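> One-letter residues, chain by chain:
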Amino acid sequence: DTGVSQDPRHKITKRGQNVTFRCDPISEHNRLYWYRQTLGQGPEFLTYFQNEAQLEKSRLLSDRFSAERPKGSFSTLEIQRTEQGDSAMYLCASSFGGGDEQYFGPGTRLTVT
Amino acid sequence: GNSVTQMEGPVTLSEEAFLTINCTYTATGYPSLFWYVQYPGEGLQLLLKATKADDKGSNKGFEATYRKETTSFHLEKGSVQVSDSAVYFCALKGSNYKLTFGKGTLLTVNP
Numbered sequence: 069d070t071g072v073s074q075d076p077r078h079k080i081t082k083r084g085q086n087v088t089f090r091c092d093p094i095s096e097h098n099r100l101y102w103y104r105q106t107l108g109q110g111p112e113f114l115t116y117f118q119n120e121a122q123l124e125k126s127r128l129l130s131d132r133f134s135a136e137r138p139k140g141s142f143s144t145l146e147i148q149r150t151e152q153g154d155s156a157m158y159l160c161a162s163s164f165g166g167g168d169e170q171y172f173g174p175g176t177r178l179t180v181t
Numbered sequence: 004g005n006s007v008t009q010m011e012g013p014v015t016l017s018e019e020a021f022l023t024i025n026c027t028y029t030a031t032g033y034p035s036l037f038w039y040v041q042y043p044g045e046g047l048q049l050l051l052k053a054t055k056a057d058d059k060g061s062n063k064g065f066e067a068t069y070r071k072e073t074t075s076f077h078l079e080k081g082s083v084q085v086s087d088s089a090v091y092f093c094a095l096k097g098s099n100y101k102l103t104f105g106k107g108t109l110l111t112v113n114p
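Chains A and B, in that order, give the protein sequences.
The opening position of the first sequence corresponds to residue 69 in this note's numbering, with each subsequent residue numbered one higher.
The opening position of the second sequence corresponds to residue 4 in this note's numbering, with each subsequent residue numbered one higher.
A couple of the hints might just be wrong.
Straight-line distance between alpha carbons at most 25 angstroms, and here's what the computed BS3-like set of lysine-lysine pairs gives [to be verified]: (1) B:106 - A:125; (2) B:55 - A:79; (3) B:52 - B:80; (4) B:59 - B:80; (5) A:125 - A:139; (6) B:55 - B:80.
A few chain B residues that don't get close to chain A, going by computed Cβ distances all over 10 angstroms [unchecked claim]: (7) 21; (8) 48; (9) 99; (10) 103; (11) 105.
Treat the hints as calculated values from the structure; they're not laboratory data.
These numbers come from a predicted model, not from an experiment.
Where a beta carbon is used, it is the ideal one built from N, C-alpha and C, also for glycine.
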């Protein structure tokens, strides 16, 4: 199966620490998206890439958040100086070209203590 | 901006019952509409989609029709199974590629 993969699946960190998540999209997909999902809510858009270019960022993405997709393949999402409010499931999705369908990974669950 | 409102849960049904989960949306232009499903411990999976008015999306016995006049995309299934127990999300995609989701509806089907 060559679906979207995310690593790690779970991360527990202390407030103030930095964390980094990785997403590997489906290999031929040129668009990659990050979403955040908190308990009882639907996923909320954070940012998206077309190849290596970051084309849109949500206002949810504060200065402590940074995302990269250096070679247009995998992507990383870093959160600096984590806060308890950052606790959530971080979801990655990918799509091909202008296609409607976004395929989601299993997510990384972040807990900030 | 775009928004999706879906029926609050949880919804509890007996096996073989009829299911409807309501979804309405607000969007500019002509969005594509989706239902995603999230089974316990798993990621989001696309269940069905419709890309223009009056289109009907269907998959695994589930159906939803894109109704532009009522800005709705209600999910239906004639006979639910225990294995359909999951969280269902209605979503739309506008011209800027990102998905806007509803809050999700937890469905529990009892044998």
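> Now tell me, hint by hint, if it's right for this structure.
Here's how the hints hold up against the structure:
Proposed proximity of residue 106 (chain B) and residue 125 (chain A) is supported: the alpha carbons are some 21 angstroms apart, at most 25 angstroms. Only pairs whose Cα atoms come within 25 angstroms are accepted, and residue 55 (chain B) paired with residue 79 (chain A) is rejected, the gap being roughly 40 angstroms. Distance restraint check for residue 52 (chain B) and residue 80 (chain B): the Cα-Cα separation of roughly 15 angstroms lies within the 25 angstroms cut-off, and the hinted pair is therefore satisfied. Distance restraint check for residue 59 (chain B) and residue 80 (chain B): the Cα-Cα separation of roughly 13 angstroms lies within the 25 angstroms cut-off, and the hinted pair is therefore satisfied.
The straight-line distance between the Cα atoms of residue 125 (chain A) and residue 139 (chain A) is roughly 19 angstroms, inside the 25 angstroms bound, and the hint therefore holds. As the CA atoms of residue 55 (chain B) and residue 80 (chain B) are separated by approximately 21 angstroms, the hinted pair is consistent with the 25 angstroms bound. Separation of residue 21 (chain B) from chain A is adequate, the least Cβ-Cβ distance of about 24 angstroms exceeding the 10 angstroms criterion. With a minimum CB-CB distance of about 7 angstroms to chain A, residue 48 (chain B) fails to clear the 10 angstroms threshold, and the non-interface call is violated.
The beta carbon of residue 99 (chain B) sits about 7 angstroms from the closest Cβ of chain A, which is not more than 10 angstroms, so the claim that it is off the interface is violated. Taking the minimum C-beta to C-beta distance to chain A, about 7 angstroms, the non-interface status of residue 103 (chain B) is violated against the 10 angstroms cut. At roughly 5 angstroms, the least C-beta separation between residue 105 (chain B) and chain A is not larger than 10 angstroms, which violates its mark as non-interface.
The structure is inconsistent with the numbered hints 2, 8, 9, 10, 11, although it conforms to all the rest.
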